[in-house]
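There are 4 protein chains.
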Amino acid sequence: MSDIQIGMSKRARRTYSLDDIALVPTRRTRDASDVDTSWQIDAFKFDTPLIGAPMDSVTSPATAIALGKLGGLGVLNLEGLWTRYEDPQPYLNEITAMPVDNPIAATCRMQEIYAEPIKPELITARLSEIRESGVIVAGSLTPQNIQEHYETVVKAGVDIFVIRGTTVSAQHVSQNREPLDLKKFIYELDVPVIVGGVAGYTPALHLMRTGAAGVLVGFGGGSAMTTRRGLGIHAAMATAISDVVQARSDYLDESGGRYVHVIADGGQGRSGDIVKSLALGADAAMIGAPLARAEEAPGRGLYWGNEAHSPEYPRGVRTSLEVVGPLEEVLYGPSHHVDGTSNIVGGIKRAMATCGYTDLKSFQRSEVTLIPYGG
Amino acid sequence: MSDIQIGMSKRARRTYSLDDIALVPTRRTRDASDVDTSWQIDAFKFDTPLIGAPMDSVTSPATAIALGKLGGLGVLNLEGLWTRYEDPQPYLNEITAMPVDNPIAATCRMQEIYAEPIKPELITARLSEIRESGVIVAGSLTPQNIQEHYETVVKAGVDIFVIRGTTVSAQHVSQNREPLDLKKFIYELDVPVIVGGVAGYTPALHLMRTGAAGVLVGFGGGSAMTTRRGLGIHAAMATAISDVVQARSDYLDESGGRYVHVIADGGQGRSGDIVKSLALGADAAMIGAPLARAEEAPGRGLYWGNEAHSPEYPRGVRTSLEVVGPLEEVLYGPSHHVDGTSNIVGGIKRAMATCGYTDLKSFQRSEVTLIPYGG
Amino acid sequence: MSDIQIGMSKRARRTYSLDDIALVPTRRTRDASDVDTSWQIDAFKFDTPLIGAPMDSVTSPATAIALGKLGGLGVLNLEGLWTRYEDPQPYLNEITAMPVDNPIAATCRMQEIYAEPIKPELITARLSEIRESGVIVAGSLTPQNIQEHYETVVKAGVDIFVIRGTTVSAQHVSQNREPLDLKKFIYELDVPVIVGGVAGYTPALHLMRTGAAGVLVGFGGGSAMTTRRGLGIHAAMATAISDVVQARSDYLDESGGRYVHVIADGGQGRSGDIVKSLALGADAAMIGAPLARAEEAPGRGLYWGNEAHSPEYPRGVRTSLEVVGPLEEVLYGPSHHVDGTSNIVGGIKRAMATCGYTDLKSFQRSEVTLIPYGG
Amino acid sequence: MSDIQIGMSKRARRTYSLDDIALVPTRRTRDASDVDTSWQIDAFKFDTPLIGAPMDSVTSPATAIALGKLGGLGVLNLEGLWTRYEDPQPYLNEITAMPVDNPIAATCRMQEIYAEPIKPELITARLSEIRESGVIVAGSLTPQNIQEHYETVVKAGVDIFVIRGTTVSAQHVSQNREPLDLKKFIYELDVPVIVGGVAGYTPALHLMRTGAAGVLVGFGGGSAMTTRRGLGIHAAMATAISDVVQARSDYLDESGGRYVHVIADGGQGRSGDIVKSLALGADAAMIGAPLARAEEAPGRGLYWGNEAHSPEYPRGVRTSLEVVGPLEEVLYGPSHHVDGTSNIVGGIKRAMATCGYTDLKSFQRSEVTLIPYGG
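Protein chains in written order, with this note's numbering: chain A, 69 to 443; chain B, 69 to 443; chain C, 69 to 443; chain D, 69 to 443.
It cannot be assumed that every hint is accurate.
Which bits of chain B does chain C cover? Going by a derived footprint, with three or more residues having C-beta under 8 angstroms, they are [unchecked claim]: (1) 99 to 113; (2) 303 to 311; (3) 389 to 403; (4) 416 to 427.
Output of the computed footprint for chain D on chain A, the stretches with three or more beta carbons under 8 angstroms from beta carbons of chain D [unchecked claim]: (5) 79 to 89; (6) 230 to 241; (7) 301 to 308; (8) 320 to 331.
Treat the hints as calculated values from the structure; they're not laboratory data.
Backbone N, C-alpha and C define an ideal beta-carbon position, used for all residues, glycine too.
Hey, can you work out the whole structure from these sequences and the hints?
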């Protein structure tokens, strides 16, 4: 695989982003109305393979409920404003009101706002609110905070537990503290766990062996560029998804039949990106920006990730997005936008139909091409 | 062909756009005045291999007539303003008057304007107007609307029937309705049929087997970028043309001599692009933007495609183009523009002569090179 | 060589521009003061391998003389303003006064100004003026005008005769007129002939067989971009030079010792570009823009080529360049510019010394690398 | 290695910049707090592998001391303003006050300011000032000035002697003067010598054989772009570092155990770039821009290199950088910047931990990938 000689002492493998590839129709076309985009993880079935990212600019209890009612899954960030403040609205107002052209001041203020401790009772309250609506309940913690808060989460009741950090490995080593034993943790938990980000065949295979129901592919979503600039770390998404899909297949073999779901997480700002993730083999897509463009989004047209307010090493900035319309229109149209930001499910169905597929599993076999850069 | 490893579970083929290639002169040069650009499809012979795209911003009955008189072929969109409105001018005026910097409002209004039903009597009237001028008559329908309107078209009389959608396959499968049997349709029709868009060897070969006289290579013309962003689908034109040219050659063999014309449709904004299409083996070029730059163009310097007003999933925006001069000057000069937008036929002839060719068929054997991106 | 599959029916060779490559120093360095940049063609020896392009914005009789006195060779365009007008200054004034943001009006006016016929007596006068200064005299004609004017040129007396067009082949074929028999023409002429542009091994080899003393590599100089857009024709300079250098070597063999000089012509806007041409094997560089930046340049900071006023198919626009300083400073410094536009000879010497070479012939063996695009 | 055919007569090797690569985490992650970034050259040990470049905009005696106290090494340029002027502050004020949009005037004035001769007594005074602070003392001379000034330097006392030019070879050849015999010079000197820039395996191996304790990889730092434009010379950093690392390894073998340190010098504007250099095998990074962004930096937010005021052939311009905060914050945070300009050591530690490493030597074995350009 490492077939490129960077210099005499180092080889590297060439990797590809979603922008580098495109789908090609085959000799058969279908009706978009015949396409079924449903998928299932554990006992939970969804009409559409879209998962709302646990980011405060994307998912509030209210939008988690709305997304659930529209056939997707909203994941609440259990370390965000809703579990730090009884009434997060003034803080959201403040964050969304800060001008985007002064990122340093905004980063400082966000670091202050997010310094407020997480309140277990708010975790309980937020999850209950979602559960009462009748939709499937999912919340996320970072690996760093799991040991402190997972019992609260489990007691409050979640259907799906998400462990999400920039990079999560199955084998975290620490000299000063007992790290989380992910395998034991997942084994003892009653609910299915989705865990990531991860990229690469071997790290993903190890994560699958922990018993996770799903893995998140990608590092950092909205902060990918600053992660690359600051840390030199980057996972080109097309390659990352395809590698983890191979791990899924090999783990299915080795485990005698456990199918771990692969969820693309990052770099999917438009419906065409989601289409490509699914064609590369992802079972579902965790998305941020597309949902942050909905009228109901807590970020009100601003978009930021969880790394943006890290106290030591913040990454990612608030980005201004165009508000497209109500969430339902964002997902199902009718669209008046021509850039893949509206009628996302319609776009997925149309793409699948044009390429001759009517279900997600067979769509994973799609032929893709490498297109001229920016082409 | 799929020799690039995107990731461990997916391979892809590298594809090329027209911008990626250039022609190289050989050891012999010719006089441009000795070059013959004529071509023939079925019984119809043309001085120049240029076909006006069936788009409302490009081809009106009047410009179809003008292009025919100047040696090309104009194809009227039979689902556009001219068949929806007795007098389309006020709607054209309105569309061309909307500012380009508010694309959403423009898309909404275009969706409303194009919601007006197609009137069979206007199909008849527009085709008659073109026929009366004495030029070759061609009109286009999308696959979706053929069954409803083709009898009107046939009765009104066309010399060449064009079936044009973003992607047209020979084998459309539908669960809820009887899809168009393209082979049977073409067989029973009396006039030659040009059908597309298509890309790829196999889809093109199947389309040729339906009995089509010509196939259109490419997806969506002016909306290619938004098709890529929204649907993740893209056909890099140089590769697409070259693949379909191979299908032409293999079908010629398999059919014992049927030559199906390959018509490049999309991405040919300047004369150099058309030159490249022809050098890659296309028999003719269906063009939009170059003709939309003519003073007579109905779009008056604005350019939009048929996907721009799709009610469910619009793609492509109105683009502002520089008005270059009268149609005759656009085609035959004299040119005062240095960017390949004027004296297009002169440019084609000069390029062919510089590379040592005097007819289109031998020009298809041209040597091409891959040039540095953007180079 | 054609190892890239553009599509199933067409292969292509990958080509490289000067921007794609860079030099790498070896284990030895030299003093710049030890470097000798002299070169010789036929009986004529020059201190520096720089030839002023025959363009009205670059070379007047006065700057041809100045360049000659500074160790280079100025070539007067014998079809430019100086041979069309007794006093060209008002026309130069007019051309340089037209705003660059209205290229169409400028193209029209230049087409008018250059419609004035060439006057044989002015050819004679201009060449005499240069000859009287004592420098080596060189003038250029296009292939189209040679038969009409060459006797005037020969009678007026030139040391080096230049035949320069966008593309010049050894075998021009015409149905309506007797084309120039280049081989016979050169054989009968008493003075050495430099001819081009050409690109590619075979066309260059044929041109060398005509008896030319030198060939110009490249198409169109300042109009390369518009030639690509309008005609689809492009020669990536690094590849073109290297191919023609191979032809030089093979022709040296086949002819039993005739060394035809290879002169890079086009795309050399900065000293680094000239350095790369020489490292790729060129014997000298014909340059336009670098000299157009001299205070004495007739274009007064504006730069345009001979294709810019073509009556039928103009290509290239007037470009605004920064005026750097007197011609002597442009060539020999001292430099106060950091972008390779000043002290060009100093830059060449410094580059050669850094790479360990002290003469041009051995510098042609330099190692080059492919650098990241735009890198 | 030279596997790309530029043209028929020239092959080239493809090279890569730091922007072309990225790190990929492995299956194991670590705690950032467990990471040790210390390194040692000769008898000198440092907490952090960061060396301040000897440039007047980056390193003054005061910032050399500050950097030393913070665990790094500051190298004073012994040919800069501090050794030309008793009080350099007025000249620094003048240089930093000149507008960046008039680079020619600034270059001229800098050429004047730097025309002032170097004063041996100021060399002595500046080095003494640093020594008195208790930090490790390092000063740099160019190869051209070593013979004149090295005795002053040695007498004043330095711990580490740096010889730094754009390109330094072990075998400089001159016809008119006795060049520096680097091997003899280093052998006779009592202190360890770091020498460069160099790129390429063979030149680096020869430089290692001179007895140098370390080599600087790269040409020209802040002036790399203008070196490429003016001289056509460029070293893509990722390839350059990897090649010199191979030379280090082979020289270790051939010398029976001498480990020459490889120090990346150039193109490392953000922490991610430094991370990549270390992952490619560099032992340390010489940095300019990141330190020029500190509040204490003498350039006060402006950044220029030593080539910017070359009397004959200036290269590089003053660039305006954002002032990030105090030097300590630039190195150790806490960061409020999301672009890799603050908490640089924190960024390095976090990257190493994420990739599963806790010391620099094993980090050199990191896996890297080639990422899509600009990706």
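query = Any of the earlier hints contradicted here, and which numbers?
reply = 8
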